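S.K.: Listed below, chain by chain, are the residues.
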Amino acid sequence: MKIEVTLNGRTCTDEIPDDLRLFDYLRQKGCASVKCGCETSNCGLCTVLLDGKPVLSCSVLAARASGHAVTTLEGVQERAAVFGAFLADQGAEQCGFCSPGLVMTVLAMEEELEHPTREEIQHYLAGNLCRCSGYQGQLRAIENYLNREVQA
Amino acid sequence: MKQKYVGAPVRKRDAMALVTGQPVYTADIAPAGCLVVKLLRSPHASAVIREIRADAARRAPGIACVLTWRDVPQSRFTTAGQTWPEPSPYDRLILDRRIRCAGDPVAIVAGETEAQVDAALRLIKVEYDVQTPLLDFTQALDNPILVHPEPDFRALCDVGADNKRNLCAQGVNAEGDVDAELAKCEVVIDQTYNTLANNQTMMETFRAFAQLDAFGRLVVTSSTQVPFHVRRILSNALELPKSRIRVVKPRIGGGFGAKQTAVCEVYPAIVALHTGRPAMIVYSRAESMTNGSPRHQMQIHIRLGADRDGTIRAIDLHTLSNAGAYGEHGPTTVGLSGHKSIPLYGSVQHFRFSWDVVYTNTMGAGAYRGYGATQGIYALETAVNELAAQLGIDPTVLREKNMVREGQRMPAYYGEMLQSCALDRCMARAKQMIGWDEKYPARTLPNGHIRSVGVAMAMQGSSISHVDVAGVRIMLGDEGYYTLMIGATDMGTGCDTILAQMAADCLDCPLERITVPGVDTDTSPYDCGSYASSTTYLTGMAVVKAAGELREKILGRGAELLEADSGECEFDGLRVTHLPSGRFVTLEDIGYDSFSGAHSCLVAETSCTSPTSPPPFMVGIAEIDLDPETGKVEMVDYAGAVDCGTVVNANLARVQTEGGIVQGIGMALTEQVQYTDKGMMMNNSLMQYKIPTRLDAGRIRVEFEPSCEPAGPFGAKSIGELVINTPAPAITNAIYNATGLQFRSLPVTSEQIAMGLMQKRG
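Just so you know, the sequences run in chain order A and B. The working numbering puts the first residue of the first sequence at 1, with every later residue one more than the last. The working numbering puts the first residue of the second sequence at 153, with every later residue one more than the last.
Treat the hints as calculated values from the structure; they're not laboratory data. Some clues are possibly wrong.
A few chain B residues that face chain A, going by a derived Cβ cut-off under 8 Å, partial list only [to be verified]:
no.	residue
1	L170
2	T172
3	M354
4	N803
5	S837
6	M839
7	T845
8	L847
For clarity, every value in this text was computed on a predicted model and none was experimentally measured. Cβ coordinates follow ideal geometry from the N, Cα and C atoms, glycine included.
Generate the whole structure from the sequences, applying the supplied hints.
M.R.: Below, the structure is given as structure tokens:
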């Protein structure tokens, strides 16, 4: 089937198999930041934005993205670098394999929640697993990031 | 030597590339057109392949290669990433006619697309002679069912392996007269503790791709902790000289020991050799769960003898370890269960540590952070907490009375002298952090929940003494920049950064002047790899040594250029100055000179091995909230006080510790590998194998109580493994303090607690 997706601001028209997952489509389109960590929609590594809302690209058909806007980390490099620097300052990226999914979810949270509490942050990000960091450094980074203007 | 970077919380050199999602991992850099490699796996835990028909699969569209047991070399090997001669027995083939655990590979299929390979896998017809599996590791020794009946089973080292008895390893180590001493003790705790297999669950599953280079050599790019060992393992398995193989390590998405075993490399490698085409395998999460290299399941029997005043006098510890179907790391992990638990108690002069490691038809185990010490420390620390309860002594006070101290000889730690130890300060600090004296043992909240605390101590080593080798080469470039070549593998831990920090301080230069390339067995100096908590300590030691030698060479060349006596010159990191005259030559000029004319490059290369393995120490105190109605345990707070010697990078050491504690929390409460009665592993997804999410971790606080290790670089010891060892015993202790229920098996689930409390209420 034929789909038309606005991928990171660019219109892409592609012929794809009906059952192609959005995850595989994005990897094929060169979005290497999108990672896969499981087959059961549990890890959050493959999170991308579909019309600005975070989705697990492993659980969305590419066909569903037709006529919609998909954003991956490749499309938000500047914002990623700003938040990413806070992660880096904690050493909380560690292996980095879960970072793209985490960064996408944090950027979505920033749009969606105003002044989230620590508990709201933890719940918003509950679907983003990390095996290296123990989550504490990520939380410090996120709070520092959200308070960056206050601190500056 | 000035310390500008060592001790500073500098960013990881690769951090910004990782957080912005750059294509730096194995699957991101695979060549286009890579064949997709997948494995047909056995549904049976024990079987012999009677017949396998793959013709239809070979003819299927898009299929480049189908291999069965008839098509692979017949040399047995081990996939354990260890220094040769490996203690792990040579007990496996690439594909074997005999199936020893569910999921054992039966055929390798490579094709153009995943869909085509999946279709071909379904076309392979296998007739199995299904046999009764041996699943209970407590019944394995001398069981009539033999896991490895093959005549060419081979143990290179004298580890007590005997395949006719299902023995992967056996041994005993003792000092003093433990039986006589126990007979004299006023109190003896005599209990058995059980741990399950645990899956490392690194976010990047096992993966590698292989291709032939312009010279026909096999080039394997792998997410591995042990590139040089992978080269030898491939050489053994494929009957190919090591000189024909090159292994490259890019960025790695976590390892935790899983990737100290060459779990997947051989499959794309043999496909590349057969087809001449690049080939890649990416394990699914399910495959990583069922046929990875998890922690060894252990049953540990302890007899702990003490006087009524709490003086611990004797420890008798026996470990039964489940190797599973294959012996990777079996003979060595078991050693740490005693050697890195008993020495926590300096008061003990009489000990015996004995072990059996047995084969069963469950998944083969491997290396997981802590490497046997985790299981041994869980058992011994729980026994010590039981002793404290029996004697009515605060468990922290009991430990203060018996813990090992700096300057003591450690009989159960290969007789080594303890040169650096801040365990006493760690205990004081952790107690203060959590408010132990106010909170011990427990209090009931208005909502009926119980808040309690529990404690444990831990140790580990720093490298394998006399065995591990770390190589470092530092070269001066023509702009006055340095290239630091290492064979140790950064797997997200940050070793490329902390080693650069050390080099920058040794060479008095800005950190940015040190480039650390990835590991490539063709060009990197030999290093056994990143495992056994060796990198900071041992590779760091090699960095200090090599940088010192390079400084001398820079000084010498500078003096030559100045036509001066080097004894009158000084190198300050930027220039070599002739002190009497003030004339100088810059580092850039020296570097440029070394690249021109007939001069040799300025390079220093060194290897290090360590005669000792200085232990880092830690005290962990857990505070939990336990709901007596449901048995649910929530982590409230965790205080970790760590002595890793000098803290080289406070950020990275802290995050290592926090991450290790959370992995330990999973081991204590939720991570539960279960099998069907046919030997199929049931928890093969992140939905069923519950690693902690950020809602399960609670608050974690880490502080450092550094000692200074005289043998370590800048006084440093290790940290990576140590930090996983305290949660299981500390949380078990907190649960006891909340409920009076003494659990002796992991994990301690809510159901068990609720059932225990129901029985107690009657």
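S.K.: Work down the list of hints and note, for each, if the structure agrees.
M.R.: Cross-check of the supplied hints:
{"no.": "1", "hint": "L170", "verdict": "holds (3 Å)"}
{"no.": "2", "hint": "T172", "verdict": "holds (5 Å)"}
{"no.": "3", "hint": "M354", "verdict": "holds (6 Å)"}
{"no.": "4", "hint": "N803", "verdict": "holds (4 Å)"}
{"no.": "5", "hint": "S837", "verdict": "holds (4 Å)"}
{"no.": "6", "hint": "M839", "verdict": "holds (5 Å)"}
{"no.": "7", "hint": "T845", "verdict": "holds (5 Å)"}
{"no.": "8", "hint": "L847", "verdict": "holds (5 Å)"}
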